[in-house]
Amino acid sequence: MKKVIMGNHALSYGAMLARSQVIAAYPITPQTQVVELLSEMCADKTLDARFIKVESEHSAMAACIGASIAGARTFTATSSQGLALMHEMLHWASGGRLPVVMGDINRSMGPGWSIWTDQNDSLSQRDTGWMQYYCASNQEVVDTVIQAFKVSEQLAIPSMVVLDAFALSHTYEVVEIPDQGKVDAYLPPFKPQVRLTPDDPHAFGGLTSPEHYFELRYKLQKDMEKAPSLIEKTGREYEKLFGRYLGLVDDYLCEDAEIILVTSGTAGYTARGAVDDMRKSGIKAGNLRVKVFRPFPFEHIRRIVKNAKKVAVVDRNISYGHHGMFFQEVKSALYGYDNSLPVFGFIAGLGGRDIMPSSFREVVEIALAKDKPEEEIIWIGVKR
Amino acid sequence: MKKPRTMKLSLPEEELVGSGNLACQGCGATLAMRYVLKALGQRTVLCIPACCWSVIDGPFPYSCLGVPVFHCAFETAASTASGVKAGLEMVGDTETTVVAWGGDGGTFDIGIQALSGAAERDDDILYVCYDNEAYMNTGIQRSSATPYGAWTTTTPVKHFKNRPKKDIAAIMAAHRIPYIATGSVAYPEDVYKKAKKAKDTRGTRFLHIYAPCPTGWKSRPEDSIKLARMVVQNCVFPLYEIENGEKYTLNIKVKDKKPIDDYLKLQGRFRHLTPDQIQLMQEEVDRNWQRLLKKTETSG
Numbered sequence: 001m002k003k004v005i006m007g008n009h010a011l012s013y014g015a016m017l018a019r020s021q022v023i024a025a026y027p028i029t030p031q032t033q034v035v036e037l038l039s040e041m042c043a044d045k046t047l048d049a050r051f052i053k054v055e056s057e058h059s060a061m062a063a064c065i066g067a068s069i070a071g072a073r074t075f076t077a078t079s080s081q082g083l084a085l086m087h088e089m090l091h092w093a094s095g096g097r098l099p100v101v102m103g104d105i106n107r108s109m110g111p112g113w114s115i116w117t118d119q120n121d122s123l124s125q126r127d128t129g130w131m132q133y134y135c136a137s138n139q140e141v142v143d144t145v146i147q148a149f150k151v152s153e154q155l156a157i158p159s160m161v162v163l164d165a166f167a168l169s170h171t172y173e174v175v176e177i178p179d180q181g182k183v184d185a186y187l188p189p190f191k192p193q194v195r196l197t198p199d200d201p202h203a204f205g206g207l208t209s210p211e212h213y214f215e216l217r218y219k220l221q222k223d224m225e226k227a228p229s230l231i232e233k234t235g236r237e238y239e240k241l242f243g244r245y246l247g248l249v250d251d252y253l254c255e256d257a258e259i260i261l262v263t264s265g266t267a268g269y270t271a272r273g274a275v276d277d278m279r280k281s282g283i284k285a286g287n288l289r290v291k292v293f294r295p296f297p298f299e300h301i302r303r304i305v306k307n308a309k310k311v312a313v314v315d316r317n318i319s320y321g322h323h324g325m326f327f328q329e330v331k332s333a334l335y336g337y338d339n340s341l342p343v344f345g346f347i348a349g350l351g352g353r354d355i356m357p358s359s360f361r362e363v364v365e366i367a368l369a370k371d372k373p374e375e376e377i378i379w380i381g382v383k384r
Numbered sequence: 001m002k003k004p005r006t007m008k009l010s011l012p013e014e015e016l017v018g019s020g021n022l023a024c025q026g027c028g029a030t031l032a033m034r035y036v037l038k039a040l041g042q043r044t045v046l047c048i049p050a051c052c053w054s055v056i057d058g059p060f061p062y063s064c065l066g067v068p069v070f071h072c073a074f075e076t077a078a079s080t081a082s083g084v085k086a087g088l089e090m091v092g093d094t095e096t097t098v099v100a101w102g103g104d105g106g107t108f109d110i111g112i113q114a115l116s117g118a119a120e121r122d123d124d125i126l127y128v129c130y131d132n133e134a135y136m137n138t139g140i141q142r143s144s145a146t147p148y149g150a151w152t153t154t155t156p157v158k159h160f161k162n163r164p165k166k167d168i169a170a171i172m173a174a175h176r177i178p179y180i181a182t183g184s185v186a187y188p189e190d191v192y193k194k195a196k197k198a199k200d201t202r203g204t205r206f207l208h209i210y211a212p213c214p215t216g217w218k219s220r221p222e223d224s225i226k227l228a229r230m231v232v233q234n235c236v237f238p239l240y241e242i243e244n245g246e247k248y249t250l251n252i253k254v255k256d257k258k259p260i261d262d263y264l265k266l267q268g269r270f271r272h273l274t275p276d277q278i279q280l281m282q283e284e285v286d287r288n289w290q291r292l293l294k295k296t297e298t299s300g
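The listed protein sequences derive, respectively, from chains A and B. Under this note's numbering, the residues of the first sequence are numbered 1 to 384, in order. Under this note's numbering, the residues of the second sequence are numbered 1 to 300, in order.
The set of hints was computed from the structure by calculation and includes no laboratory data. Fair warning: there could be bad hints in the mix.
[Said to hold, decoys possible] Just a few of them, taken from the derived set where beta-carbon distance is under 10 Å, the chain A residues facing chain B: (1) Ser39; (2) Met41; (3) Ile52; (4) Pro188; (5) Phe190; (6) Pro198; (7) Ala203.
For each residue, glycine too, the CB sits at the ideal point set by N, CA and C.
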């Protein structure tokens with residue numbers, strides 16, 4: 001069935017089709033429609049779930065953690081300040097090995113108050129032990145939520161499905177709503193190995209001495225390392241059922257490209273259009289949209305940029321005192337493999353300033369004009 | 001021939017708190033857990049935030065408790081418990097009692113937002129606060145449950161706590177939850193009875209249990225029960241219940257109300273107080289007691 005829905009509702013449909021059992025959420029612009037629709041679904045029994053209307057995002061994640069350890073499939077959604085408030089609990093979910101799935105609408109951090117998009121909210125959570133998927137279309141949002149539950153539950157690691165504020169959250173697109181029966185076949189009910197129950201009493205998360213803690217974190221990393229191949233495997237399984245592959249990256253015209261743009265989120269689709277235009281005017285550009293940021297697809301990046309002469313990473317985020325965060329990761333992927341490939345770091349679109357096709361043309365022109373980057377950060381569209 | 005004498009037990013023999021736990025000598029918090037679990041039984045799960053009990057239970061991979069425990073973040077006892085309850089229901093377990101078990105810091109201070117949220121929603125959880133009147137696990141720092149006059153490491157003698165203890169029962173009563181009760185570890189049958197009643201009540205229930213801490217109060221471990229009895233007899237910590245936020249019932253009707261002096265003398269944390277300051281404390285206790293009496297007389 002095809003429906004014209006907004007990005008936020010795509011998250012709701014994903015959570016519904018995955019048969020989420022407990023949802024705990026708190027409202028924040030621009031996330032509200034996600035939980036409004038889920039509230040209605042719970043109320044009219046389209047979705048058999050308990051919705052806990054908590055008094056903060058911190059409690060939202062705590063309640064999801066409680067429900068998950070009890071053995072229920074859990075979902076929440078938030079944005080920006082709300083995600084920042086959850087920070088402590090993000091560690092608790094991953095450290096507790098609980099496969100909570102959360103939608104995050106990328107919104108800039110205040111002050112000044114901004115409801116518009118950039119990635120600093122979710123990327124500030126990059127070291128919390130959550131998998132992160134950055135989506136570029138509403139179809140991808142629905143599909144990724146379902147896949148994220150499957151991957152999370154197999155690895156006992158939580159997932160964040162990320163979409164841009166307004167550019168995707170409030171944009172209506174045609175979405176093929178997956179068939180419930182097929183989704184059930186793809187994603188069986190959540191059956192954790194251990195859970196909180198008087199039938200088999202255990203203590204979870206107690207005081208852990210240096211004798212044991214290190215190994216728990218080692219295991220978390222080892223399981224995170226299994227994620228890239230599992231995402232591809234489950235992505236192919238998804239493709240068999242629904243005809244859409246869900247991978248780690250989306251590379252477009254990269255094979256013969258002289259310059260490859262590295263992008264993420266909706267800017268990745270804008271870049272695709274810009275690449276088409278540039279190709280028409282004789283510039284051999286390609287676009288590598290990174291979909292999964294954690295775990296970072298090192299091998300894919302290395303393989304795809306192998307034949308390019310230049311790489312231009314466009315970040316809608318910044319690590320103050322350092323670089324854009326995708327730029328950091330791309331360089332670290334190449335280090336020791338191809339140290340001669342010039343990688344240019346651009347920052348654009350902070351606080352929801354539009355990233356236009358012309359922005360990517362500017363990026364490519366700058367990168368093509370120089371042998372190697374002369375500045376640590378090249379700013380696009382900033383008023384100085 | 002003499003008739004063989006048998007002892008009539010006032011509490012079940014079943015123990016869900018094991019030996020080998022890490023409590024200090026004379027720990028009231030451990031007794032509180034022991035009596036409450038006797039009432040709740042094995043079909044119970046505990047959510048324990050950062051507090052003495054996150055240590056008493058024993059380090060990974062041990063636990064001294066016969067019921068499952070989820071160690072949760074400091075401010076999340078109530079919200080975690082709400083999630084656990086919803087989760088258990090969704091996997092078909094509607095019977096298990098879900099308990100949030102926090103100290104006074106985790107309840108009166110950092111956890112009060114989550115507690116208020118759960119209470120306003122009337123989530124079906126039992127919240128138990130064992131109150132040792134300061135952050136004891138971190139080394140005796142003042143909380144909003146620390147009484148006026150007390151020394152702690154952050155309220156040194158020269159600058160002792162000059163504000164009264166927060167009235168948590170009144171705050172919870174303002175949420176109109178079905179059941180609130182105070183308890184003291186010197187009255188195990190009373191604690192047992194109230195935990196039983198809480199178990200059989202639906203919605204958010206709140207137990208506030210006075211739990212002496214010899215380490216933090218600079219009292220003798222062997223005086224813990226004595227202090228827990230004196231605090232009821234001098235009406236510093238009266239034993240009462242509140243139903244639906246309105247109906248107050250006094251459980252121990254103190255006839256011969258004792259002055260607080262002897263109670264204070266047994267605790268090093270009050271040693272610095274002058275007679276004038278003690279008089280101020282006595283007046284505060286009297287005022288609170290009269291206020292409570294009025295509520296019990298006019299309600300129900």
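- Item | Violated hints - listed by number, lowest first | 1, 2, 4
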